[in-house]
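Using the hints provided, position chain B relative to the given structure of chain A.
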Amino acid sequence: MHRMGKIILDGLEKWASKEGADKEWRVQLTLARLEAFATELAARVDAYYLPTRKDVLTFVLNNVSNFDKIVDKIRVLSPVPVVWKESTGETPLEALNSSTYTSPPDSPAMAIMIELRPLVQRKSYSSFVMYHDKLSTVLKLALGFGAIGSSVRDGMAILFADTSNGKELIAHIVEWLPEAKVGVGIARKPRTAMRNAVKALEGIGAQRRVNFVTES
Amino acid sequence: MHKVVKVVLKGYREWTEEIGDDREWKIQRVQSELEKRATEIAAERGAFYLPTRKDVLIFVANNTDVENWLKPLEDLSPVPLEVLVGCGPSPLEALLKAEPCSQQSEIAAIHFDINFISKKDHYVGYVEAMEMTSSLLHTALGFKSIGGYLGGDNAVFFSDPSVAREFAETMSSIYDVKVGVGIALKPRRALELAARALRTLRKERSKRVEVLKG
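Protein sequences appear in the order of chains A and B.
Position 182 of the first sequence, counted from 1, bears residue number 367 in the numbering used here, the numbering being contiguous throughout.
Position 28 of the second sequence, counted from 1, bears residue number 129 in the numbering used here, the numbering being contiguous throughout.
A couple of the hints might just be wrong.
As the list claims (entries may be wrong) - EDC-like, lysine to aspartate or glutamate: derived pairs with alpha carbons at most 20 Å apart:
id : chain 1 : residue 1 : chain 2 : residue 2
1  : A       : Lys384    : B       : Asp122
2  : A       : Lys191    : B       : Glu141
3  : A       : Lys308    : B       : Glu118
4  : B       : Lys221    : A       : Asp207
5  : A       : Lys384    : B       : Glu119
6  : B       : Lys221    : A       : Glu279
7  : A       : Lys208    : B       : Glu141
8  : B       : Lys127    : A       : Glu225
9  : A       : Lys191    : B       : Glu118
10 : B       : Lys221    : A       : Glu271
11 : A       : Lys325    : A       : Glu279
12 : A       : Lys308    : B       : Glu145
13 : A       : Lys308    : A       : Asp318
14 : B       : Lys127    : B       : Asp176
15 : B       : Lys127    : A       : Asp195
16 : A       : Lys325    : B       : Glu194
17 : A       : Lys325    : B       : Asp222
18 : A       : Lys308    : B       : Glu194
19 : A       : Lys258    : B       : Glu134
Said to hold, decoys possible - Examples of chain B residues lying across from chain A (beta carbon under 7 Å, computed):
id : residue
20 : Glu125
21 : Arg130
22 : Val228
23 : Leu238
24 : Thr240
FYI, nobody ran anything at the bench for these hints, they're computed from the structure.
These figures come from a predicted structure and were not determined experimentally.
No residue lacks a Cβ here, since even glycine has one placed at the ideal position from N, Cα and C.
This is chain A alone, in the form it adopts within the complex (with noise of 0.2 Å):
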């Protein structure tokens, strides 16, 4: 089983406006601190804030216990209500919409990190449209395999998935993407699995596209 955490921030938007209609820059302010909290206070206790939307903060959960705690520091921290849900489901995505929960032990996190080197290396706007329309082929292709990410700089996006189907998906991947190199990293905690990920992408070397690294 996978487990998945969101922090609903309720009525951000109703909140901003009690300033009137100049709100937005006031909005991303407070996203960008909610974000750094919740980036930090995730690594401490080994899981990993996967950076999405925004107005729901989500966390990869997998083999992390108690994390309620680290919820009730961003609530004291966020200008508006949160709601707290923490569900578990046989693969990330349907563990982020189930209201199933189990205890742990939980699934391994499979962490899927997925580079376009050539848009990493250029600096420029049509860099980040063109790695924009590949980042929404990633998360398309694997919506159906249950697994869920996101982007963390241009050119670079995570994936978490579930292990009994994830080669596929990579396959997948290599073949929609050819400009991509894929670091798997595999391990009880997804800050680990992070880990791993990074030290399989510094791995790859020239002649390889995938390369794992699993430990716990």
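Quick look at chain B alone, frame taken from chain A:
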């Protein structure tokens, strides 16, 4: 003429590769801190920080002096910064092929409110928002407009006022969106007007595009 300020994080990729394997969360935290400060500085000067690439910070800066107030970013950044000021007949041209700044014009902020997001599961809504943002980014190039996804059901673009309505109407004919357009001398004010236009649209459900000029 439109003004765009770019802050390039020099050697950012190299820095990300030098901080060990357990690094992604550290990089994300730095990025969030930089975006937070960039948003604050921009708002104080009447500009708008447009979140796009993480290694190049983009400020829409018509009729502002935001480029003179970026010192706090240097203190936060793990790498040296290069500040580039560009002017051009559109925001895209100001970003791509900078010309000397002469008199600066009004700017249009085009705020897309994606209607269908709220009807979906949170994550699936996000995936669809990414798809739509990708489409917006492509279409915007033809209108010489730049923009990005702001989170939730929001995407924002900036263009020359002369093409803002056409861009908004083109996209609203394809997608289930409401589009608020604000036109003003400074980007922050233009966004404020765009938000007000969206509020009007939420009340008057028959229209999908509203333009307000400051």
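For each hint, the structure was consulted:
1. A:Lys384 to B:Asp122: 6 Å, holds
2. A:Lys191 to B:Glu141: Cα-Cα ~27 Å, so violated.
3. A:Lys308 to B:Glu118: The given pair, whose Cα atoms are some 17 Å apart, holds under the 20 Å limit.
4. B:Lys221 to A:Asp207: Answer violated: Lys221 (chain B) to Asp207 (chain A) is near 28 Å, above 20 Å.
5. A:Lys384 to B:Glu119: 12 Å, holds
6. B:Lys221 to A:Glu279: Satisfied, since the Cα-Cα distance of roughly 14 Å is no more than 20 Å.
7. A:Lys208 to B:Glu141: 12 Å, holds
8. B:Lys127 to A:Glu225: 8 Å, holds
9. A:Lys191 to B:Glu118: 30 Å, violated
10. B:Lys221 to A:Glu271: 19 Å, holds
11. A:Lys325 to A:Glu279: 15 Å, holds
12. A:Lys308 to B:Glu145: Violated: Lys308 (chain A) and Glu145 (chain B) sit about 27 Å apart, past 20 Å.
13. A:Lys308 to A:Asp318: Holds, because 16 Å separates the two Cα atoms, which is no more than 20 Å.
14. B:Lys127 to B:Asp176: 17 Å, holds
15. B:Lys127 to A:Asp195: This hinted pair is violated, its Cα atoms lying about 27 Å apart.
16. A:Lys325 to B:Glu194: 32 Å, violated
17. A:Lys325 to B:Asp222: 14 Å, holds
18. A:Lys308 to B:Glu194: 16 Å, holds
19. A:Lys258 to B:Glu134: Holds, at about 18 Å.
20. Glu125: 5 Å, holds
21. Arg130: 5 Å, holds
22. Val228: Check passed: Cβ of Val228 (chain B) comes within 5 Å of chain A, closer than 7 Å.
23. Leu238: 5 Å, holds
24. Thr240: 10 Å, violated
Checked against the numbered hints above, the structure breaks hints 2, 4, 9, 12, 15, 16, 24 and satisfies the rest.
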